[in-house]
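Which chain is which? The protein sequence lines are Z and F, in order.
Just add 339 to wherever you are in the first sequence, counting from 1, and you've got the numbering used here.
Just add 401 to wherever you are in the second sequence, counting from 1, and you've got the numbering used here.
One thing to keep in mind: the hints can contain errors.
Subject to a maximum C-alpha distance of 30 Å in a straight line, what follows is the list of computed DSSO-like cross-link-like pairs (lysine-lysine) [said to hold, decoys possible]:
hint	chain 1	residue 1	chain 2	residue 2
1	F	Lys-592	Z	Lys-477
2	F	Lys-425	Z	Lys-355
3	F	Lys-443	Z	Lys-355
4	Z	Lys-346	F	Lys-592
5	F	Lys-443	F	Lys-454
6	F	Lys-592	Z	Lys-417
7	F	Lys-455	F	Lys-429
8	F	Lys-591	Z	Lys-346
9	F	Lys-591	Z	Lys-355
10	Z	Lys-361	F	Lys-591
11	Z	Lys-487	F	Lys-682
12	F	Lys-823	Z	Lys-439
13	Z	Lys-458	F	Lys-591
14	F	Lys-591	Z	Lys-477
15	Z	Lys-458	Z	Lys-487
16	F	Lys-591	Z	Lys-417
17	Z	Lys-355	F	Lys-455
18	Z	Lys-355	F	Lys-592
19	F	Lys-429	Z	Lys-361
20	Z	Lys-411	F	Lys-592
21	F	Lys-610	Z	Lys-361
22	F	Lys-425	Z	Lys-477
Taking CB as the label site, the calculated pair distances span [claimed, not checked]:
hint	chain 1	residue 1	chain 2	residue 2	range
23	Z	Met-340	F	Pro-476	42 to 50 Å
24	F	Cys-564	Z	Val-474	35 to 43 Å
25	F	Arg-813	Z	Ser-347	57 to 65 Å
26	F	Lys-443	Z	Gly-392	42 to 50 Å
27	Z	Gly-392	F	Cys-564	24 to 32 Å
28	F	His-771	Z	Gly-392	49 to 57 Å
29	Z	Asp-350	F	Gly-555	17 to 25 Å
30	Z	Lys-441	F	Lys-438	29 to 37 Å
31	F	Arg-775	Z	Asp-350	54 to 62 Å
32	Z	Met-340	F	Glu-566	30 to 38 Å
In silico negatives: residues of chain Z with every beta carbon more than 12 Å from chain F [what the hints assert, rightly or not]:
hint	residue
33	Leu-341
34	Lys-355
35	Lys-361
36	His-376
37	Lys-439
38	Thr-450
39	Glu-459
40	Asn-476
Simulated from the structure, these hints should not be mistaken for laboratory data.
Even glycine gets a Cβ: it sits at the ideal position worked out from N, Cα and C.
Take a look at the letters that make up each chain.
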Amino acid sequence: MLSEQSKSRIDRELSKYPVDQKQSAVMAALAIAQDEHGWLSDELMDEIAHYLGMPPIAVYEIATFYNMYNLKPTGSHKVTVCTNLPCALSGGVEAAEYLKSKLGVGFAETTADGKFTLKEGECMGACGDAPVLLVNNKRMCSFMSREKLDRLIEELSRK
Amino acid sequence: MSLLDYGPDAIIMAGLDGDNWRLKDYEKRRGYEALRKIIGDKIPPENVTNEVKKSALRGRGGAGFPAGLKWSFMPRQYAGPKYLVCNSDEGEPGTFKDRDILRYNPHILIEGMIIAGYAMGIAVGYNYIHGEIWTEYERFEEALEEARAAGYLGRNILGSEFCFELHAHHGFGAYICGEETALLESIEGKKGQPRYKPPFPASYGLYGKPTTVNNTETLAAVPYILREGGEAFLNMGRPNNGGTKIFSVSGHVERPGNYEVRLGTPFAKLLELAGGMRGGKKLKGVIPGGSSMPVLSADVMMQTDLDYDSIAKAGSMLGSGAVIVMDEDTCMVKAAERLAYFYFEESCGQCTPCREGTGWLYRVIHRIEHGQGRPEDLDLLLNLADNIQGRTICALGDAAAMPVRAFVKTYRSEFEYHIEHKRCMVNPGGYSSRNPGLELAAAE
Chain Z
340 MLSEQSKSRI DRELSKYPVD QKQSAVMAAL AIAQDEHGWL SDELMDEIAH
390 YLGMPPIAVY EIATFYNMYN LKPTGSHKVT VCTNLPCALS GGVEAAEYLK
440 SKLGVGFAET TADGKFTLKE GECMGACGDA PVLLVNNKRM CSFMSREKLD
490 RLIEELSRK
Chain F
402 MSLLDYGPDA IIMAGLDGDN WRLKDYEKRR GYEALRKIIG DKIPPENVTN
452 EVKKSALRGR GGAGFPAGLK WSFMPRQYAG PKYLVCNSDE GEPGTFKDRD
502 ILRYNPHILI EGMIIAGYAM GIAVGYNYIH GEIWTEYERF EEALEEARAA
552 GYLGRNILGS EFCFELHAHH GFGAYICGEE TALLESIEGK KGQPRYKPPF
602 PASYGLYGKP TTVNNTETLA AVPYILREGG EAFLNMGRPN NGGTKIFSVS
652 GHVERPGNYE VRLGTPFAKL LELAGGMRGG KKLKGVIPGG SSMPVLSADV
702 MMQTDLDYDS IAKAGSMLGS GAVIVMDEDT CMVKAAERLA YFYFEESCGQ
752 CTPCREGTGW LYRVIHRIEH GQGRPEDLDL LLNLADNIQG RTICALGDAA
802 AMPVRAFVKT YRSEFEYHIE HKRCMVNPGG YSSRNPGLEL AAAE
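Looking at chain Z on its own, in the form it has when it is part of the complex (with noise of 0.2 Å):
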């Protein structure tokens, strides 16, 4: 299930730590699992909880404690805008309302194509770049005017 890439990857995150504390590697191990397959299933949980000597349910702890794991298959993009105060004072909400609608989707929910997830964020910690969003959990895309949701999506779609 995991490419030699991925445990390569895996590999030099265990490096950081001592020999006998594998398991502080479980946050970067399931990242890097999502990287490469999308969202986290059973199966792949449990071959990382192999792969580093945990009891499977301490992964699925783990899996289940940060958001930003996906716990199920989500659309190619996942956009996940702040609407926490500080965005939403200066249009965070608006960023949101206005993605809702040109998709045509709820929060949590994804678009029938399978293309985005639209998720509700919370602090990201660039609120002076309100409104945020992330894609993927790795793009932030800052001060988003309906005229860069609208350019942003136009890219996205066409991938």
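Dock chain F against chain Z, hints included.
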């Protein structure tokens, strides 16, 4: 490229243009000079800690605890491994300063951590970086590679006996991990649920070993203190409030962003740096230190200076230095509702008063906001706050209770109006009557 404008008195963020983050650029800004001096002159570790004590550098993450004193809690003679952990898990709503340090000046943090490691006799450090900022994490990793290649990190640093290795650990979306013991649990590969204190991390920290946890901005201030002297740093601020502080200004201002100013700078001056109120609107209230801190009304805030002691005197806390500015069109019930939802969402679930209480706080404010409030609800909110605050393992409970209490106290008439008239007295449309963010962004 033109320089980024953090204000005329910037120390940590001085001379940055957004691109000059690499090692060679940092060295041009006298980077790693403090470390070279310490190692070259064989300065005793105790003297390094004393210099930090003299500087009156206080923790920039929220608690404001004196950094030098914290360092001195680490057992010097401890035989086994000890750890230094940097808290870059910046998720307190309103706070976005550490992100700028990581992306624009990562080496200042690396140098600060090496010096801290030297002072406390620590050989391994971790920097825990907020899950949502991936590119900053990658950049920090790249900066670490540069520092290793240049001999600033690793074995026998700059030819001395001193060894220090530093790694980045990436979070994955949990506000609670900003709490230092939750953060340690998280590095250990567990759920981020806070530990009882005592024992404090200095005696039982990461992997059960003595550990010091400092905020990013705190550690980033260290190179200046060791290069220019603790007194020079102290004199940038006020007694007991040494140095400059990066304030993250968000909300209804013309130029939201980070501004590094001397501690003790009047709020009015910071507001001016941020371009004043957006659209010339009137100031209504300010949360001066991140969403966990009590909101202050405009008249109080305009009279307050920005340092730990002055803001405490005004009835709030400097916290992380996140200044959330709200104008006259802001519905304070709606603002309180959104923050209450955040703490409900982020409670780790370990302690009953917080797990259950944050849900109660949110639901009660939600019904007030939506015209279904009851006359007894305000007393209920205060009662709930009493039953959460001080009754949980960590400060998240307090962080949820304090803002609610302050919003109800400061803007009570607005809450009462909502309950009585079943609608908003300020702005039935939302957080602000126009959609300023989108207009602002469109003009950008």
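Now for the hints, and whether the structure bears them out:
no. : hint                                 : verdict
1   : F:Lys-592 with Z:Lys-477             : holds, 22 Å
2   : F:Lys-425 with Z:Lys-355             : holds, 25 Å
3   : F:Lys-443 with Z:Lys-355             : holds, 29 Å
4   : Z:Lys-346 with F:Lys-592             : holds, 23 Å
5   : F:Lys-443 with F:Lys-454             : holds, 19 Å
6   : F:Lys-592 with Z:Lys-417             : holds, 24 Å
7   : F:Lys-455 with F:Lys-429             : holds, 27 Å
8   : F:Lys-591 with Z:Lys-346             : holds, 21 Å
9   : F:Lys-591 with Z:Lys-355             : holds, 16 Å
10  : Z:Lys-361 with F:Lys-591             : holds, 12 Å
11  : Z:Lys-487 with F:Lys-682             : holds, 26 Å
12  : F:Lys-823 with Z:Lys-439             : holds, 28 Å
13  : Z:Lys-458 with F:Lys-591             : holds, 25 Å
14  : F:Lys-591 with Z:Lys-477             : holds, 22 Å
15  : Z:Lys-458 with Z:Lys-487             : holds, 18 Å
16  : F:Lys-591 with Z:Lys-417             : holds, 25 Å
17  : Z:Lys-355 with F:Lys-455             : violated, 34 Å
18  : Z:Lys-355 with F:Lys-592             : holds, 19 Å
19  : F:Lys-429 with Z:Lys-361             : violated, 39 Å
20  : Z:Lys-411 with F:Lys-592             : holds, 20 Å
21  : F:Lys-610 with Z:Lys-361             : holds, 17 Å
22  : F:Lys-425 with Z:Lys-477             : holds, 27 Å
23  : Z:Met-340 with F:Pro-476: 42 to 50 Å : holds, 45 Å
24  : F:Cys-564 with Z:Val-474: 35 to 43 Å : holds, 40 Å
25  : F:Arg-813 with Z:Ser-347: 57 to 65 Å : holds, 60 Å
26  : F:Lys-443 with Z:Gly-392: 42 to 50 Å : holds, 43 Å
27  : Z:Gly-392 with F:Cys-564: 24 to 32 Å : holds, 28 Å
28  : F:His-771 with Z:Gly-392: 49 to 57 Å : holds, 50 Å
29  : Z:Asp-350 with F:Gly-555: 17 to 25 Å : holds, 20 Å
30  : Z:Lys-441 with F:Lys-438: 29 to 37 Å : violated, 57 Å
31  : F:Arg-775 with Z:Asp-350: 54 to 62 Å : holds, 59 Å
32  : Z:Met-340 with F:Glu-566: 30 to 38 Å : holds, 32 Å
33  : Leu-341                              : holds, 17 Å
34  : Lys-355                              : violated, 4 Å
35  : Lys-361                              : violated, 8 Å
36  : His-376                              : holds, 16 Å
37  : Lys-439                              : holds, 14 Å
38  : Thr-450                              : holds, 22 Å
39  : Glu-459                              : violated, 9 Å
40  : Asn-476                              : violated, 7 Å
Hint check: violations occur at hints 17, 19, 30, 34, 35, 39, 40; the rest are consistent with the structure.
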